[in-house]
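> What follows is the residue order along each chain.
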Amino acid sequence: MHEVGIAQSILEIVEKEAAKNNATVVKKVKLIVGEFTGIVKEALEFALEIVKKNTIAENAEFEIEIVKLKTHCKHCNREFTNNKQAGFLCPECNGILSIVAGKELNIEYIDVD
Amino acid sequence: MHIIDVNSQILKENSRIAEENRKLFDEKGLYVVNIMSAPGAGKTSVLEATIKKIKDDYKISVIEGDLQTSIDADRIGALNISSYQIVTGTVCHLDARMIHNALHEFQQDGNDILFIENVGNLVCPADFELGEKLKVMVFSIVEGAEKPKKYPVMFHAVDVVLLNKIDLAPYSDIDIELLKKNVLEINPTATIFPVSCSTGEGIEEWVNWFKKKVNEDKNRNK
Ligand SMILES: Nc1nc2c(ncn2[C@@H]2O[C@H](COP(=O)(O)OP(=O)(O)OP(=O)(O)O)[C@@H](O)[C@H]2O)c(=O)[nH]1
Ligand SMILES: [Mg+2]
Ligand SMILES: [Zn+2]
Numbered sequence: 596m597h598e599v600g601i602a603q604s605i606l607e608i609v610e611k612e613a614a615k616n617n618a619t620v621v622k623k624v625k626l627i628v629g630e631f632t633g634i635v636k637e638a639l640e641f642a643l644e645i646v647k648k649n650t651i652a653e654n655a656e657f658e659i660e661i662v663k664l665k666t667h668c669k670h671c672n673r674e675f676t677n678n679k680q681a682g683f684l685c686p687e688c689n690g691i692l693s694i695v696a697g698k699e700l701n702i703e704y705i706d707v708d
Numbered sequence: 005m006h007i008i009d010v011n012s013q014i015l016k017e018n019s020r021i022a023e024e025n026r027k028l029f030d031e032k033g034l035y036v037v038n039i040m041s042a043p044g045a046g047k048t049s050v051l052e053a054t055i056k057k058i059k060d061d062y063k064i065s066v067i068e069g070d071l072q073t074s075i076d077a078d079r080i081g082a083l084n085i086s087s088y089q090i091v092t093g094t095v096c097h098l099d100a101r102m103i104h105n106a107l108h109e110f111q112q113d114g115n116d117i118l119f120i121e122n123v124g125n126l127v128c129p130a131d132f133e134l135g136e137k138l139k140v141m142v143f144s145i146v147e148g149a150e151k152p153k154k155y156p157v158m159f160h161a162v163d164v165v166l167l168n169k170i171d172l173a174p175y176s177d178i179d180i181e182l183l184k185k186n187v188l189e190i191n192p193t194a195t196i197f198p199v200s201c202s203t204g205e206g207i208e209e210w211v212n213w214f215k216k217k218v219n220e221d222k223n224r225n226k
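If you read the sequences in order, they're chains A and B.
Those letters in the first sequence? Residues 596 to 708, per the working numbering, in order.
Those letters in the second sequence? Residues 5 to 226, per the working numbering, in order.
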């Protein structure tokens, strides 16, 4: 359960960005979360509800976009949208797959007044 | 109303501090190892078994991360190795700042190896870089051969997987070859050692490999 810590880091960044832009209220925060991280979407939503209290984002909507795991094989140059259990060996040539998407933990944008 | 493009990594502050830690470790010629596992898989036991074999050759110290108590730090202290306890309270992992802060008090001058035992947790520690050189995962074989597929993130993040408690294999229905295969599917470049901290089986092989890694790193930094 490190979603609370992640939620706190999100709020810190949001508050900084809002202050930099002289915003008075944050209405929306768009988050990008890869499925190949230790983050559980529901737990993060729950943590954000708690952590946002008494901040400039108190009433903000937090939209979490989940990014599927995507891998690439250097040897045969194919890309795969894996399920998480499928492993990291290329099903075509047995090469080692590297992750090209699915490790994200990003704030994309905030919508402010 | 307007949209502000932030495009910021949530953990960028952790990455920044981890990078600072890494620089500091390199300056000091310190080889830093992050040991992770689910609770009770045998991190402290692996440390004890490893340290006993190498403590005459290297100056070693240990940082222990736990939710509560300093029991593990005391176990290391009993080997005459200096240890530092980080009590995380409710936080289920160590982060780069905790290590950075510990190093203010926990002097590393003249040391060769720093082991960091992470908080017992199969998910969270893998998301946090500490600035380490080597990531070691301890996995207790009795937890089942399918775990690499159920919890792939940590298995994928590490350099070494120690399959611990192989002395218990006869008492369980675990298929160790299947377990190895599953680890390698998730992490094809992982180095795997089956070990038992109770009987000492496999410890020699792991320790020899580890010493080679440490020495290679020392020579590179000379
Ligand atoms: N049979 C057997 N038991 C082991 C082995 N290694 C460790 N144990 C036992 O497993 C239990 C947990 O070992 P620890 O080394 O404390 O595990 P840990 O991962 O450090 O635990 P936490 O720090 O609490 O997460 C202890 O009772 C150990 O004696 C092993 O190889 N075989
Ligand atoms: Mg321990
Ligand atoms: Zn391929």
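Each hint should be verified, as a subset may be incorrect.
If you anchor each label on the Cβ, the simulated ranges turn out as follows [claimed, not checked]: (1) B:D30 <-> A:K669: 27 to 35 Å; (2) B:R20 <-> A:E687: 34 to 42 Å; (3) A:E653 <-> B:T195: 20 to 28 Å.
I should point out that these hints are in silico values taken from the structure, not numbers from a laboratory.
Ideal Cβ placement from N, Cα and C applies to all residues, glycine included.
> Provide an ascending list of the numbers of those earlier hints which the structure does not satisfy.
3
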